[in-house]
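Chains as they are written, first to last, in full-length UniProt numbering: chain G, 1 to 107; chain B, 1 to 411.
Keep in mind that the hints were calculated from the coordinates and are not lab data.
All figures in this text were calculated on a predicted structure; none of them were measured in a lab.
Treat the hints loosely; a few may be bogus.
Unchecked claim - Here are the simulated distance ranges between beta carbons:
id, chain 1, residue 1, chain 2, residue 2, range
1, B, G28, G, D10, 36 to 44 Å
2, G, Q107, B, N56, 27 to 35 Å
3, B, P224, G, D98, 40 to 48 Å
4, G, D10, B, N56, 55 to 63 Å
5, G, E28, B, Q315, 55 to 63 Å
6, G, D10, B, A118, 48 to 56 Å
7, G, Q107, B, A270, 54 to 62 Å
8, G, P64, B, P115, 24 to 32 Å
Claimed, not checked - Only pairs whose alpha carbons sit at most 25 Å apart, straight line, appear in this in silico BS3-like list of lysine-lysine:
id, chain 1, residue 1, chain 2, residue 2
9, G, K69, G, K11
10, B, K161, B, K68
11, B, K161, G, K100
12, G, K69, G, K100
13, G, K11, G, K100
14, G, K100, B, K159
Even glycine gets a Cβ: it sits at the ideal position worked out from N, Cα and C.
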Amino acid sequence: MRYLVSVIDDKDDPGSTDRQPAISRFNEQLIADGYWVFAGGLADTDAATVVDNRGEQAVFSDGPFVESKEYLAGVWVWEAPDLDVALRLAAEASRVCDRKIEVRPFQ
Amino acid sequence: MSDVQEAVTRVHREEWARVVAALTRRFGDLDIAEEAAAEAFATAVERWPADGVPPNPGGWLTTTAARKAIDRIRRESRRDDKHKEAAMVYDDEPPEPVGAIDDDRLRLIFTCCHPALAAQTRVALTLRMVGGLTVPEIARAFLVADTALERRITRAKAKIKAARIPYRVPSAEDLPARVSGVLAVLYLVFNEGYLATGPGTDPVRHDLTAEAIRLTRLLRTLMPGDGEVAGLLALMLLTEARRTARVSAGGELVPLAEQDRGAWDAALIAEGHRLVRERLAAAAAGAAPGRYQILAAINAVHTSARDVRDTDWSQILALYDQLVRRDPSPIVALNRAVAVAELDGPQVALAAVDRLEGELAGYHAYHATRADLLRRLHRGHESRAAYDRAIELAGNTAETAYLTRRRDQLR
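In isolation and in its complexed conformation, chain B is listed as follows (with noise of 0.2 Å):
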């Protein structure tokens, strides 16, 4: 890739979500500046080879994007209304200063994480708007047609405009309700970067990962007073660091006791480290974690072992009480069950995780989970039958191949 190139995919991960806001800002109308945006980008590409890059190419960007909306506004004569006039006479207005931009960035993606649209359409809006992905790739990391997820999108932006949905910062009251949604939303993108669903997907896919992490990043540094916030920033970090070692060179699945821990990022680890020690000082001074922190801080004991043996399965067991006491999920159930068999042995954790199978009887984690437990119990009969349920239910093609191979290996 040429210099050029490698400035423009640069420029585009950094300054997209701010040029999109600050046309947002400006001009209040998602398609407008979305559009403007991408013609700004398509013109970088096309001029900087010859031009050069200008020294601060997100203002170039903006301005570019800015004059480009106002084409766009002149020649649909059914823009033109007084609204727009307006916005169009302010055509030289200085750059704003970084801070307002940032407030814009964070008031795009609670826009894009607005309650009142369908939590699919969330993910997608917000991975198009504040990420820059395009339609294409949104849709592959999804798995749905690229015109469905152009409707899902056209129909959002149209709902935004039509229902007025304000393009701000939800008020304190509505803050930590509405944090949360966005939080769920970057959380979504991870978990599908990370166990990527599909037999023609890759297993990981990176570039999921590494996008939901720079979004929580962003969140971080805006909004740095929260918790939950830094929590799963911590994890997505802790997780993220184990990434290399947990797929095998021949596409299979490797499981937490058996990865090599000297390939583990070191600096992600620390990175994460530092957070979770930030939030247990906030804990310790009585703000109560909440489940991002708890899975964090999991999360953190695991990657302070050197060796899995060294692994403190009772900090870990009493981490996964308190997620239980928060968040009463079968899943975090059948997460604390794992707990137990490294504590209380296998047999007690079956127990446990059998109480599961009304809730879970459809998740392939329970499965795998059960199989597991069986083959530690010497039941090669029952453990294989959960084995073959697992393959039947798992999505994801490193997991297929870690359990065919874990059942074929029962006598």
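Chain G with its partners taken away, still in its complex shape (with noise of 0.2 Å):
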């Protein structure tokens, strides 16, 4: 079963930026015990671009598609047994990160 493991980060109240090294040390955890899929942290919201081309030509706008204080910061993909193997990862991985964690499985 695979999971979509999202990190929140909050602009009015954002976690620690030192995390790197923990989570580094995290994702090789998750390499050897074989969970590890996939994980990958995004740029600034102030990166984003939505693209709407359901119209006649395409729009672009700049900026997230939802603008809220909470955002998503990275997601990882993991490959586990259940969700309570997920979770139990989850709640570690929301340690080392020092952010919110969203668990959410693929169809």
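Each chain sits in its own coordinate frame; assemble them with the hints.
Right under this line is the structure:
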């Protein structure tokens, strides 16, 4: 079962910025235990562009699709046997990143 | 009710969870398990009056339900993947030994009370899947619309499936945290039965208190070593023992001090006391008692006094002090103040209660307790105002009737 694991940052209450070494160690452990599929951090939402080509011509707009103080800062994709395993890893991930984590299964 | 109808009702109460649990294990799908179990009980209602009740009703129901489930899977072509085919091959598997089935039910309880589900959903799902209550029954108990509850249960089952919430007893390291969630659900069900809310509702819903006790007993047989499970069962039994004495013939709440203690259920009290003694022995051996064990001990002290004047208030206060250290909630502090009033007088207790205003201003029991203390201090005007506020906030009809009479007795 694959899970999308989203790292949620908060513009009003950002997490600490020195997490990279801890995250790297956590990632190595994920790989060693066979849970790792993919991971990536995202650039700031200021760098986002929304494209809408449902009309006559494509419309490009600057910024993210939804303006909110909480935003997606990065993602993992994990392969885990069930939600209990994913939640246990997510609890660890939240501590390691010092941020909220959303766990969502792929269809 | 005919003998057969009675048998169906009894078998439904005793076997529903077993049937659902066995089917969940076999088909890995709560939806299929529940619908097939419901169909099997419907078939029993149809057939048993003519054919007689089978010698092993639980086995008959599980077999019938399994056939219904397979029929349904066959009908729905989108489900005929390899996994389901495999499940169908073992059509005539021998019945599981009892131990494994009990373990199945425990798995079902933990699945319904999974922390990834919203707290209200856990209650509804447990009552539905483990208790076998119908959606209208649960909706009535918690004063929500049938459709909203149905949606909540459907959504929960979909999440269990899509997110793959496992059907299993959590691992040893997760167990204490997960058991406490299960106990919270059962205590909520019990309390809703014991102090039912809503103008059109019976003040005491015996169906809910009985169901909560039945499920807690089940948990107790499944986890005999867990002190908090024993504690919650004792707490429920000692509370339930006073049920009939708690509401007068006129439908008014009778407070503990005024209850006819001869009307208390001696068998339930004896069982509750036995469990409390067992936990006291464990505590003496070094096991730190949890919240439910302490609450049970407080109720054991109350139910040990043959007359309210014999109540050992200093022991009750000592237990509340122990509880405050574990659970420093304002509601615990409020209940502690009631014991303080008996030992140090209403003036001291009122000072303690007044300190809780910030947190409890919206809680009817805060105002009811204040009203009583102010009455004892002959501060009639303030007492009346506090009764007014308590009546406004109380949702239980018997309690409202009692508070109203108390208020109207004030000069």
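Now for the hints, and whether the structure bears them out:
In this structure, B:G28 and G:D10 meet the distance hint of 36 to 44 Å, their C-beta atoms being roughly 38 Å apart. A hinted range of 27 to 35 Å is violated for the C-beta pair G:Q107 and B:N56, which are about 41 Å apart. Against the hinted window of 40 to 48 Å, the Cβ-Cβ separation of B:P224 and G:D98 comes to about 42 Å, which satisfies the hint. Checking the proposed 55 to 63 Å range against G:D10 and B:N56 shows it holds: the Cβ atoms sit about 58 Å from each other.
The hinted window of 55 to 63 Å between G:E28 and B:Q315 holds, with their beta carbons roughly 56 Å apart. Between G:D10 and B:A118 the beta carbons are some 22 Å apart, a value that contradicts the proposed interval 48 to 56 Å. Our hint of 54 to 62 Å for G:Q107 and B:A270 holds, since their Cβ atoms are close to 55 Å apart. Distance hint check for G:P64 and B:P115: the Cβ-Cβ separation is about 31 Å, which falls inside the suggested range of 24 to 32 Å.
With a C-alpha separation of about 5 Å, the suggested pair G:K69 and G:K11 falls inside the 25 Å cut-off, and the hint holds. Proximity of B:K161 to B:K68 is assessed by CA-CA distance (about 20 Å); at most 25 Å being required, the pair is judged to hold. Pair hint B:K161 plus G:K100 holds up; C-alpha atoms about 24 Å apart against a cutoff of 25 Å. Among the hinted pairs, G:K69 with G:K100 is consistent with the structure: their alpha-carbon atoms are about 13 Å apart, no more than 25 Å.
At most 25 Å may separate the alpha-carbon atoms for a hinted pair to count; G:K11 and G:K100 meet this at roughly 13 Å. This hinted pair checks out: G:K100 and B:K159 have alpha carbons roughly 20 Å apart, not beyond 25 Å.
The structure shown violates the earlier hints numbered 2, 6.
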